[in-house]
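Number of protein chains: 2
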Amino acid sequence: MTGNFFEGGWRVRPSAVAHAYYPSLDIQNIVYPHWVVSFVTDGEVELQAGGVTRHAFSGQVMLHAPHLPFSERSDRGGNHRWFVVEAANDHGMELLRLYPVGEVTTIMDPGKYIQVFDQMLAAWGDKEGAFREMEISSLCQLLLFYLLQSWERGGRTPRSLPASKNDKRFQVLITHINAKLDEKVSREQLAELVHMNPNYLDRIFAEKFRLTPMQLLRELRLRKARRLLEQTELPLSQIAVQCGMGDAAYLNRQFAKSCSITPGAYRERARLANQNYYGG
Amino acid sequence: MTGNFFEGGWRVRPSAVAHAYYPSLDIQNIVYPHWVVSFVTDGEVELQAGGVTRHAFSGQVMLHAPHLPFSERSDRGGNHRWFVVEAANDHGMELLRLYPVGEVTTIMDPGKYIQVFDQMLAAWGDKEGAFREMEISSLCQLLLFYLLQSWERGGRTPRSLPASKNDKRFQVLITHINAKLDEKVSREQLAELVHMNPNYLDRIFAEKFRLTPMQLLRELRLRKARRLLEQTELPLSQIAVQCGMGDAAYLNRQFAKSCSITPGAYRERARLANQNYYGG
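Read top to bottom, the protein sequences are chains A and B.
The first sequence: position 180 = 180 (the UniProt record's numbering), numbered continuously.
The second sequence: position 29 = 29 (the UniProt record's numbering), numbered continuously.
Incorrect hints may have been included.
Straight-line C-alpha distance at most 25 Å; calculated DMTMM-like pairs for lysine to aspartate or glutamate [unchecked claim]: (1) A:Lys-165 to A:Glu-128; (2) A:Lys-127 to B:Glu-230; (3) B:Lys-127 to A:Asp-182; (4) B:Lys-184 to B:Asp-247; (5) B:Lys-180 to A:Glu-128.
Pulled from the structure, derived: some chain A residues nowhere near chain B, Cβ distances all over 12 Å [said to hold, decoys possible]: (6) Arg-169; (7) Gln-215; (8) Ser-237.
These are computed hints drawn from the structure, not numbers from a lab.
Don't be surprised by glycine CBs; every beta carbon is placed ideally from N, CA and C.
Taking the hints into account, I'd like the entire structure generated from these sequences.
The structure is reproduced here in structure tokens:
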């Protein structure tokens, strides 16, 4: 029962958390297997990756992609609050590829970011806590949320360096799919969008995300349907249209197949879960 | 690759979040499909569930189990910060059954709890935020962590009312498995522990958790092995013993089968992910 009632949700797991102070900085072409998220509490850093030079200052986050060599230099002292992290959903879709956060992002509320980071650092250092991993994971997810929110409000400056040509293609596909949830989309159209053979695209996409582009489209349509069932009183026929699922009968069939419950029963269940038992 | 590098992780999704004020309280035999977590900011509540009467006061959390009717009464006014939530891992194992938090728990740091709750409530009311679900989910997980931590430090007063006889048995099994990760355990021993036929136990356990007790045991052994590989320099032979996997060769085989990587390569990968690039 449970599986289908949860939205994807991001699984977030840091592999390093530290607060580093330095008198000056000169690290060259270093590589990590995961994302490095480094908040410049204080400093003026020149960073290089993929032949591009950028600068980061106090209150900004530097983001380094996995497997991509980067350098950081500074003549003056400073300190960074940084962590290394894996963040992906059930399909192995990486959070920071789905949302291509830029290499340097100004954090909207640095005080809050620091507060949450320092709580995570304390939990990281405490090897004994029985629920340590739960605390770390929730705080780390909150930090990534602050990063994404700041990136969003700053105009979504995209990364200039996707890790590979395929990642770029997948990015195009996922953005397109998200924008077309209420429209008819064919497998061939999606393949054409990235100039690939449909069979080959299905194969490499599924290798990475464990489902084909069309399966992802169906998942996202159903997810939108669940949202609309929970949050609106729209009739099924209109929900079907808004989710690109034609008519209510088709929505009913697909929904029941995937969620083991009818849309009507799902809505009733959501209503029950959502009642205010104090009244008002 | 990704799948096996993530620990279970809890997927947390609230279906209602509210701050309720009342002049007096008289709710009778109400039922929710999910867990109700209600923090008494101010009040004196008499609660009933399963024929047992308890009292909750300011600074305490009342926890109501799914599908179990409960009542709350108060002659005086008060206010509660409450939410309804599903929290489970990949195997559909519910967080609040795995850890049978009592019906009334005193929160250690109510100020912090309130701060996080109010941030979640604000996010809940903001229907527009692009990363709203991520913010809500991380904050809700943090609140559940505070609840679990307070329960732990308060001596783990267990729930007196498991939802069903099988839940009680599963609880016994899971506790036993967690305590015996370094020992030999057989399928028959586990079945005996709860006075059941091994085949029948496998079936009903897997219906609920999508794996049998022995498969869960193997998962948890491997999880412990990963932790030891990451955090210690112990030789493989000792890790194998501590994880109840006999010798290094057996650990090697099981690990490679499940994680698609050898223990040695996993340790190297963890070391890389964990390096401090600022030195020190």
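Now for the hints, and whether the structure bears them out:
| no. | hint | in the structure |
| --- | --- | --- |
| 1 | A:Lys-165 to A:Glu-128 | violated (43 Å) |
| 2 | A:Lys-127 to B:Glu-230 | holds (13 Å) |
| 3 | B:Lys-127 to A:Asp-182 | holds (20 Å) |
| 4 | B:Lys-184 to B:Asp-247 | holds (13 Å) |
| 5 | B:Lys-180 to A:Glu-128 | holds (19 Å) |
| 6 | Arg-169 | holds (19 Å) |
| 7 | Gln-215 | holds (17 Å) |
| 8 | Ser-237 | holds (23 Å) |
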